[in-house]
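Engineer: Listed below are the residues making up each chain.
Number of protein chains: 2
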Amino acid sequence: MVEQTEAEYRERVSTEQIIGRKRWTIDGSLSSLPSYFQPPPTLPAVQTTARYDVVRNISEVEQGSFGRAGLSHATLAGALLHGLKEVEAWYNTVAPGSGTPIHRHSCEEIFVVLKGSGTLYIAPSNPDQDHPGTPQEYPIFANSTFHVAGGVVHQVRNTNEHEDLQCIVAISKPPMKVFMYKDWFTPHNAAKMVFPMFWDERCYQTHPKKDEL
Amino acid sequence: MVEQTEAEYRERVSTEQIIGRKRWTIDGSLSSLPSYFQPPPTLPAVQTTARYDVVRNISEVEQGSFGRAGLSHATLAGALLHGLKEVEAWYNTVAPGSGTPIHRHSCEEIFVVLKGSGTLYIAPSNPDQDHPGTPQEYPIFANSTFHVAGGVVHQVRNTNEHEDLQCIVAISKPPMKVFMYKDWFTPHNAAKMVFPMFWDERCYQTHPKKDEL
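Chains as they are written, first to last, in the working numbering: chain A, 1 to 213; chain B, 1001 to 1213.
Among the clues, some could well be false.
Not the full set, but computed from the structure, chain A residues with beta-carbon under 10 Å of chain B [claimed, not checked]:
1. HIS82
2. PRO96
3. PHE111
4. PHE146
5. SER172
Hints were generated in silico from the structure; no laboratory data involved. Fair warning: this is a prediction, and the values are worked out from it, not measured in the lab. Note that beta-carbon positions come from the ideal geometry of N, C-alpha and C, so glycine has one too.
Between the sequences and the hints, there should be enough to build the whole structure, so can you do that?
Structural biologist: What follows is the structure, encoded as structure tokens:
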């Protein structure tokens, strides 16, 4: 996982814009592309998914917290695991008191709440403000649905101390890249870019070392 | 809804290619564009969605069969109803013995089966064949997931005579346009294009007639 501030990210993008959005071909290789066009240099090539069942039992899909307390995530069908290019679906369980970071992403996202309840926080739309600002709060509940447009700063939390919150989530344009905020008053350009997502990291693996014998 | 064979569709596309993928500007109006670039002429402008709740109770989302026996469909979050551009989610219930047509679409599709069971039929991949051919069959069941890549001919049926089949479906690139096959031996170029989808038709409405008084 690579973290950088949005300011750092924008600086890179600006540099790219200055040179006319062309590929850097100083040494003629793909690795001379700006890093946001490809896996960061610390992350080798993606592990392609060689085999998976056409129909998968969700109970048997690998789930994990991926270092996030209170999270259980399973990618039901996705870019890195199954080769999808346009849409990805997750099965997420969030423990009481836990939730997503305050974050935004350019992709669209649809939630279907299967079980439990909680709160959706959405930043007000105010393009003149350099930070999200105090969010609006919406109760979410079993058998509810909502979506988040691209670029909207939001957070989903299990604010029900008695029950897990279970959701199916569909996103566009996988794999997801997010910008995370420390709080609702963090400037947009200080949000930290996180890519790949915690659960996508396992799909990037180092090339096996050559056997020295 | 407009139906045309793929041959007719391809003929239009070819004509468009011949003239260099330029807009037809014979009369200088947008309506002179080939019809596949816009709602068919019988369908006026899309009804934009003025208002919807941020969080919606799925039980209260409008559901309907839209003329398809054995189907109950609800668009949870979509292009025409909610302004999404990249992903759309449905809640579909299929009665015993019913199912989707044999069809294909260029978008990607992910299914999550919530209840019931049935069968997924997938055409073999054989680019040299002019028709789908006898499909492979896969049992689907509650708490299972599967996806269909763009362009793959498939069908999902409730083959359990005792129980409804309930699924959440996520698609990319909404609104969906499909090509439907009469059977697995229908030539690809005789598949009928259907657009808009049955449930999207209500989003296209005629302009209100002017009050003659």
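Engineer: Each hint needs a verdict: does it hold in this structure or not?
Structural biologist: Verification of the supplied hints:
1. HIS82: 6 Å, holds
2. PRO96: 19 Å, violated
3. PHE111: Since chain B brings a Cβ to about 9 Å from PHE111(A), closer than 10 Å, the hint holds.
4. PHE146: For PHE146(A), the interface hint holds, since the closest Cβ of chain B sits about 5 Å away, which is under 10 Å.
5. SER172: 3 Å, holds
Hint compliance for this structure: hint 2 is the single one not met.
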